[in-house]
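Student: Residue-level listing of the chains:
There are 2 protein chains.
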Amino acid sequence: MNASGSIRCRIAQIEVLPGRPSENTGHIIKLIRSAVADGMDMIVFPEMAVPGYLIGDEWEYASFLRECERCNEEIRRASAGITVVFGSVAVDRSRKNEDGRVRKYNALFFAENERFIGPRNGLYPFVIKALAPNYREFDESRHFCDLRKLAMEERKSVADFLEPVPSRLGLLGAVLCEDAWDADYAVSPLAELSKKGAVLMINCSSSPFTLDKNSKRERIYSTHASRYGKPLLYVNNIGIQNNGKTVFTFDGSSCVYDARGRRVAACPAFEESELSVDIPLEPASPTWGRPIPSRPDDISSVYKAIIFGTERFMKLCGVSRVCVGISGGIDSSVVACLYRRILAPENLLLLNMPSRYNSPTTRTLARDLAERLGCLYAEIPIEDSVRFTISQIDGLCCKSLDGRLKEKLSLTVLARENIQARDRGARVLAAVASAFGGVFTCNGNKSELAVGYATMYGDVAGYLANIADLWKMEVYELGRHINTSVYEEPVIPQGCFTLTPSAELSEAQNVDEGKGDPIIYPYHDLLFKSWVESWDRVSPEEILEWYAAGELETRLGYKGSIADILPTSAAFVADLERWWNLYQGMAVAKRIQAPPVLAVKRRAFGFDKRESLMGPRYTMRYLELKKKLLGADKPVSSR
Amino acid sequence: MNASGSIRCRIAQIEVLPGRPSENTGHIIKLIRSAVADGMDMIVFPEMAVPGYLIGDEWEYASFLRECERCNEEIRRASAGITVVFGSVAVDRSRKNEDGRVRKYNALFFAENERFIGPRNGLYPFVIKALAPNYREFDESRHFCDLRKLAMEERKSVADFLEPVPSRLGLLGAVLCEDAWDADYAVSPLAELSKKGAVLMINCSSSPFTLDKNSKRERIYSTHASRYGKPLLYVNNIGIQNNGKTVFTFDGSSCVYDARGRRVAACPAFEESELSVDIPLEPASPTWGRPIPSRPDDISSVYKAIIFGTERFMKLCGVSRVCVGISGGIDSSVVACLYRRILAPENLLLLNMPSRYNSPTTRTLARDLAERLGCLYAEIPIEDSVRFTISQIDGLCCKSLDGRLKEKLSLTVLARENIQARDRGARVLAAVASAFGGVFTCNGNKSELAVGYATMYGDVAGYLANIADLWKMEVYELGRHINTSVYEEPVIPQGCFTLTPSAELSEAQNVDEGKGDPIIYPYHDLLFKSWVESWDRVSPEEILEWYAAGELETRLGYKGSIADILPTSAAFVADLERWWNLYQGMAVAKRIQAPPVLAVKRRAFGFDKRESLMGPRYTMRYLELKKKLLGADKPVSSR
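If you're matching them up, the sequences are chains A and B in order. Counting in the numbering used here, the first sequence runs from 1 upward without gaps. Counting in the numbering used here, the second sequence runs from 1 upward without gaps.
FYI, nobody ran anything at the bench for these hints, they're computed from the structure. You can trust all of the hints, since none of them are fake.
Which copy is meant is left open, so a pair is good if it fits within one copy or across any two.
Straight-line distance between alpha carbons at most 20 Å, and here's what the computed SDA-like set of lysine to any residue pairs gives: (1) Lys195 with Ile220; (2) Lys156 with Ala186; (3) Lys156 with Val187; (4) Lys213 with Ile292; (5) Lys590 with Ile519; (6) Lys406 with Glu346; (7) Lys104 with Ala186; (8) Lys408 with Pro381; (9) Lys590 with Gly438; (10) Lys196 with Gly170; (11) Lys406 with Arg367; (12) Lys156 with Ser188; (13) Lys196 with Thr223; (14) Lys590 with Ala415; (15) Lys399 with Glu346.
Using the sequences provided together with the hints, build the complete structure.
Tutor: Below, the structure is given as structure tokens:
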């Protein structure tokens with residue numbers, strides 16, 4: 001604490017590169033040096049600032065752990081004249097984790113005068129995360145021993161170990177991320193630390209962006225600060241980290257709450273940023289500065305997250321040129337516009353791949369879009385190659401070589417549709433992308449991914465699915481946002497918004513005759529959303545109960561009347577089972593091989609919402625409800 | 001206990017269908033009735049016998065939990081005249097899990113005379129799993145509150161809750177799966193239960209098959225039984241369960257240990273089985289029966305697991321016809337032979353898809369194999385379609401529609417190779433499989449998957465990759481086993497074993513000139529294995545240390561001399577970095593979209609070995625070692 005009774009503190013909202021401790025440490029040390037030069041008392045970095053956080057099973061490499069420990073030491077040696085707070089992994093080779101590997105902690109280090117200092121009465125010179133999240137994308141207990149398990153091992157209560165850190169600046173109540181989200185745990189770390197005399201609370205996090213999460217955090221953190229009457233620092237990283245199937249963005253949005261719980265200083269979202277604040281610790285000045293109003297998330301937050309995540313994912317993959325297949329529909333149009341914000345026109349190639357089933361309407365829309373975006377464009381028809389494939393396979397006679405078995409192959413309408421989709425994806429787009437020196441995109445949305453309304457190795461292909469966490473209606477909304485607020489004038493042709501959504505793979509999907517996909521928007525969007533995103537997830541059992549009670553529209557938030565689209569109970573049930581069968585059946589198989597999804601909301605497919613391939617399933621209660629409703633006792637269709 | 005002082009006990013090694021509580025319950029109740037009819041005192045089912053175990057986030061559906069509870073009640077009502085022990089989920093709606101959802105326990109139920117009985121002094125009428133595994137494929141803390149957390153919540157010690165169940169048959173010391181694998185935990189449930197007077201120990205498990213795991217279990221369980229001087233029942237399910245990317249087989253292998261730790265009764269592996277044993281509980285008879293010798297796993301165990309897993313996965317997917325692309329190489333030959341053991345010849349279609357680069361040698365081998373297997377066979381050349389694709393793309397001029405930008409595309413040699421692979425996978429095989437009314441297989445092995453030596457949407461495609469947990473040398477071994485011990489006479493032509501492994505996608509891979517893949521077997525197999533399967537996983541840092549110390553051959557178990565294949569340090573390092581760059585780079589991107597892998601060993605790719613896409617990385621210590629070795633300080637190639 002300086003003479004004026006305040007701490008000159010700098011929040012370092014850095015970009016953390018997952019799995020790259022030495023790069024991160026180089027960056028951290030540079031920022032420490034400049035903080036010293038600027039006369040700061042303290043600089044605070046995010047959780048897991050050295051190793052990164054979502055790095056799969058990288059924690060099992062002994063060499064990776066040694067590298068992290070070496071980096072921790074380098075940072076310690078850089079702490080002359082300043083208090084450095086940073087998150088990293090801590091290793092204790094004298095103990096084991098429950099998987100039998102070496103003991104690892106998700107730790108918060110305090111380095112002062114080239115020494116690490118830990119909490120009072122602690123076993124280690126670092127703070128150990130007490131609450132380990134094991135939900136959504138988090139697997140913390142897989143790799144780290146939390147403070148509760150350590151306490152159990154020591155036959156003590158976890159509260160015994162929740163002590164402030166006796167820094168030269170005063171007693172600091174420091175915790176990691178989840179430790180502040182304590183509502184559902186048996187212990188509240190911040191309450192303990194406050195009770196034990198912490199003068200300032202610090203929460204270092206590595207917390208991915210999720211639509212509407214910041215509003216919830218605002219409420220929780222503000223309440224912590226005001227309840228305990230202590231200022232609270234929230235320090236989060238930016239960047240992207242992934243778990244293979246799912247890519248998460250980190251928005252930073254670090255901030256400071258005064259002792260009355262008002263947010264008085266904040267870093268911008270999705271930008272590296274250093275925020276310097278003088279935190280008065282005298283009880284006489286519980287508040288300072290002007291509160292910063294918080295704005296709830298909206299479509300512009302989603303847009304920002306997708307642009308940021310896509311740009312960073314490209315960088316991670318070493319991608320600088322992108323090829324987008326454009327059909328004239330809203331999904332590919334939105335994807336093309338997103339990439340045009342990231343790439344110069346000569347590095348973006350839009351490709352239209354018409355067959356006999358593509359109407360002049362959509363072909364013109366695709367061309368219009370390409371014209372407005374000013375980037376490279378080409379047309380590669382798939383008509384001849386599809387015809388060739390059909391001629392090679394339809395009617396082909398397979399035999400056993402002893403002549404005993406014979407079978408003539410024939411292709412159904414659905415098989416012919418899938419041939420077209422794969423011709424576009426795996427034959428044309430993949431080869432064009434490689435000739436272009438780049439990658440191609442997956443343009444699928446969450447509605448299609450939910451029920452597998454797409455072809456494997458066809459439109460379920462590409463290096464990244466960056467709008468696959470958005471329901472179709474959200475894609476439209478993003479498209480409108482792009483037209484009104486991103487580009488100077490509308491780039492997505494109006495026709496893309498009014499067109500009947502259609503795969504255009506057969507005569508039956510002729511958009512000019514108003515025919516198209518079997519998914520009915522927005523009703524099915526809302527139905528699928530209830531299965532995937534609602535907290536206690538909804539199944540056909542609840543849907544049927546609500547339908548029978550006449551409250552389904554209200555429950556789903558559907559503005560129209562379901563009877564207008566599905567006039568009878570039989571039609572309603574048949575539709576429900578059709579999509580549920582796909583959602584739990586073929587769609588799971590497709591998602592297993594789908595491209596990585598850029599997550600922006602709750603329960604993105606992949607590693608956030610985990611699933612097993614088990615086939616469609618109905619509860620006994622569902623079958624009873626259905627029997628009551630229809631007088632039938634079996635699912636209408638079994639698969 | 002009956003008059004003779006023994007318990008007539010039946011072990012029900014059932015197949016558990018994941019996510020299907022009512023089907024499992026129907027099966028369980030049938031077996032209870034027949035056990036009653038047979039005069040049994042007790043029948044014991046596996047862990048999670050009602051809901052299944054590896055079922056992703058299915059636990060979040062409220063309707064699924066209600067269904068399980070209803071099934072638990074049905075089983076309770078069927079327990080008149082017998083003690084029924086079964087694993088299921090238990091729900092307490094008055095408490096929360098740490099994710100904020102309803103409290104769930106991985107529970108073991110004891111039903112007697114239509115009542116549930118729990119441990120002495122317990123909070124619930126069921127046993128709660130104390131040790132929750134969070135490694136490999138297990139995510140137990142994601143969904144279940146373990147006994148340790150409950151004890152902490154109740155501010156008691158976990159030992160306070162570890163009490164035997166006071167059954168009418170005596171004090172039973174019952175635990176779930178991991179509770180017996182206690183070496184790395186702070187508490188030993190079986191030791192507690194034994195101390196507290198349990199006369200018989202029961203371990204109900206849902207434990208997937210892993211090569212060599214049964215030998216380890218044998219040691220651990222036998223030691224438990226002899227140390228505590230109590231008989232021990234081990235009851236495990238059979239079947240398959242998956243977590244999307246990875247499919248696990250469950251082998252059952254349930255058995256009984258006497259009070260001296262001798263295995264005296266055992267169920268067969270991978271078969272539903274009921275085992276009835278009279279367990280004497282008088283201290284005077286600590287042992288009975290004849291010990292059953294245990295046989296260590298070998299290639300026949302792997303064969304059995306793959307056949308079982310493949311057959312069950314087909315059933316799960318509703319697959320009854322399969323198409324295998326055969327090249328004449330060992331991988332596709334082995335896969336074809338495996339399917340021929342499951343399918344009648346008219347339901348198996350082998351397809352050879354030659355291009356100009358396929359030698360008469362491999363084409364003949366493929367044909368020979370098809371002849372020996374007697375199933376359907378066809379040849380579909382890819383020459384014309386590949387030529388057409390190249391003509392459409394190579395030289396294509398892309399322009400912006402305002403005429404300002406122009407670029408002519410051209411295809412590299414590698415791009416042309418990938419076009420061939422995708423033509424086979426996504427164009428031919430996918431369409432033929434659908435015309436055949438079936439699926440097509442992925443024939444990749446673990447070596448290729450590790451370094452991504454395969455083409456996305458080409459050979460990285462198919463409904464299941466059933467040999468993708470085997471290194472190339474293990475595939476050869478499996479092939480030899482198939483030839484010598486599975487079929488009556490060798491079905492895989494000898495040439496498949498002696499042929500240079502080659503993708504045959506260019507002149508440079510001409511097998512008749514002894515040219516082929518860049519992977520050098522068995523050295524690279526052993527190198528990749530050290531990165532993937534070794535316990536504290538090995539990275540280039542250790543490899544270089546061992547190389548410099550002249551101990552790499554010993555460390556990897558390589559019989560030859562590495563200097564014979566990589567004569568200089570520079571060549572060695574270049575090779576090491578080439579493969580490491582692929583392993584951590586492109587191969588991760590390929591694995592994200594790869595088909596589900598059938599796991600048979602430790603650390604199958606997917607959900608067992610989890611990974612993030614982060615690009616190739618080297619530690620500082622590696623770079624220092626390399627500098628010392630070569631005098632250079634940068635990786636030879638950066639990506």
